[in-house]
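Chain by chain, the residues:
2 protein chains.
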Amino acid sequence: MGKEKVAIIGSGNWGSAIAKLAGNNVKKHNDVFDDSKVPIWVFEEEYEGRKLTEIINTDHENKKYLPDVKLPENVVAIPDLLETVKDATALVFVMPHQFLGKCLDQLEGKVNKDAKAITLIKGVGVDGADIHVFADVIQDRLGVSCSALSGANIANEVATDRFSETTIGYRTEEEGKMWQKLFQTANFKVQLIDDVAGVSLCGALKNIVAVAAGFIDGLEYGNNSKAAIMRIGLLEMKHFCQEFFKDVKEESFLQESAGVADVITSCLGGRNTRVAKAFVTGNKSFDELEKEMLNGQKLQGIHTAKDVHVFLKARDRLGAYPLFDKVYHISWEGLPVAKLTEGL
Amino acid sequence: MGKEKVAIIGSGNWGSAIAKLAGNNVKKHNDVFDDSKVPIWVFEEEYEGRKLTEIINTDHENKKYLPDVKLPENVVAIPDLLETVKDATALVFVMPHQFLGKCLDQLEGKVNKDAKAITLIKGVGVDGADIHVFADVIQDRLGVSCSALSGANIANEVATDRFSETTIGYRTEEEGKMWQKLFQTANFKVQLIDDVAGVSLCGALKNIVAVAAGFIDGLEYGNNSKAAIMRIGLLEMKHFCQEFFKDVKEESFLQESAGVADVITSCLGGRNTRVAKAFVTGNKSFDELEKEMLNGQKLQGIHTAKDVHVFLKARDRLGAYPLFDKVYHISWEGLPVAKLTEGL
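Top to bottom, those sequences are chains B and D. If you read the first sequence in our numbering, its first letter stands for residue 1, the second for the next number, and so on. If you read the second sequence in our numbering, its first letter stands for residue 1001, the second for the next number, and so on.
The set of hints was computed from the structure by calculation and includes no laboratory data. Even glycine gets a Cβ: it sits at the ideal position worked out from N, Cα and C. Mixed in with the good hints, there may be bad ones.
Label pairs and their computed distance ranges (CB to CB) [as the list claims (entries may be wrong)]:
id	chain 1	residue 1	chain 2	residue 2	range
1	D	Thr1185	B	Asp287	50 to 60 angstroms
2	D	Glu1061	B	Gly296	44 to 54 angstroms
3	B	His132	D	Glu1292	32 to 42 angstroms
4	B	Glu61	D	Ala1320	35 to 45 angstroms
With the rest of the complex left out, here is chain B:
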């Protein structure tokens, strides 16, 4: 079997951080990987008067999205998506979820049939009574096996080599081990678990819990209350996934970085928690706060709460997940935030 040729699809903060690890690791494991080049697809834009691809390829730094972190020289920025994935056998999807559809439109029928993929995209797709994780979407559209990586992973901390962990939910153990080789370092520990759906869902649902934690911060109820909300949220995540996805593993939620640790990181200081706190203390709408605090980007937790609400309604299961429910009603229906803990 030939060596794996990696391609990274997406070059934001997280994509650039992961490209750094991958660029170094293909050299370390050049028995498994082609180490000459790790192409990274860059949505071309100008930054300080220069093209972003040129900055990356000349200065070896993504100055816009991951400043002050040197990328290995074998990480090569390419503005054309199809050129990026040409010959690639190991496709790493790492982009905001709203761009995935367009990207797959371009890629469909164009990737290596025996390629493997992994998605680092957070989120979950809901369409009425249907719910799906992006690993399945990629797998179905491209006809390639797709694993998922998710964990308590603040991109800058990973990129600057501070101790952290992540979880890969794999399709086959062999693929899991290949992905682990591509990403693991002495300070970035990769655990493997046979649960693509569980790992994927954690990354989406934890944002709802993080919003609830931010409400508690805003109410100034204290760490005791906050820990209670995180515990209840974690269990709702687990129960929700066990109800609607077959074969998810309890460990993904309760023991893995993708579950319990990511809930903790997100609730300690993530954007969902910060903005939800401001919602309580600042007397502004989420619309206003998204503009002010997130540069117009969407606050994932409240949108996931809405998706989950729509889904549970379509499945006639409203009321079964009281914390998710409360986050929806407070965020979208004007329920007073002090009602959050009632009846949990």
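Given chain B, work out where chain D should sit, using these hints.
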């Protein structure tokens, strides 16, 4: 069967908070409990020129340990231990663990033989290769069935009715339900589990994890690293207890307030985390920090880490719990704190 007569043994911050709940609940459930009086044993001392028992019985407030919280009038402070427990059928132990031995010396042979007990005391007893939880000690010494309560419970937050949760590990389901009736309120949710040892051990071992989290805070590694340490610590707690105590339940650690939620609360802002952070940033010994920051009280996490180290050595299991090990070596043997994450 007659009504349960409650006695509370201990009147610090947590004892006073729990006395407030119990005093109210015996009235609410006066079909089960004698609601005329909830005696609380007070180690007599002077506070602002008055006896503490007099303050509690006149002002209905423990001004020294839980100021600004009104206690129900049926909570009656008694300076004599044996008088406190006279006729009691439901004994609540809630005192610093170092006073338990003396207390049991006095009580042995003097309590109702069909009484039930519950301990809210944090900690674990280690003596060479022997390890024991206080619920077992109380049960053995007094010949009464003893359950355990532990959770993410900051006394002031519970006393001021902010939303929180706790876990009771019970001996029999019937006893569990009785204790739940004594403590549960609309904002203080009590979960029951058939695991006295697991619930007890959580309250002791989480302090080691909280010290490790404080080291990470001091190192400024960020929330990502901190969440990783908490996850690893939680799993070491679980594995340690599964190795040395038969029948502990995984849920106590991973799903209950006593486990995951208490780890979170403690690592967010508890004293172990705060002092351990100061150890890293302030260049002072733990001896000095205990004097300066804890009024001379011991920092439980580092002492529990030492106890666990002694125990593991006696059992020839050094090295099996790397995080516990690192906390011991950093706290007591001068290992540089930056080594904390190495090899985890």
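So, going through the hints one by one against the coordinates:
Distance hint for Thr1185(D) and Asp287(B): a CB-CB separation of about 37 angstroms, inconsistent with the stated range 50 to 60 angstroms. The supplied range of 44 to 54 angstroms is met by Glu1061(D) and Gly296(B), whose beta-carbon atoms lie about 52 angstroms from each other. As the Cβ distance of His132(B) to Glu1292(D) is approximately 56 angstroms, the hint placing it in 32 to 42 angstroms is violated. For the pair Glu61(B) and Ala1320(D), the beta carbons lie near 43 angstroms from each other, so the given range of 35 to 45 angstroms is met.
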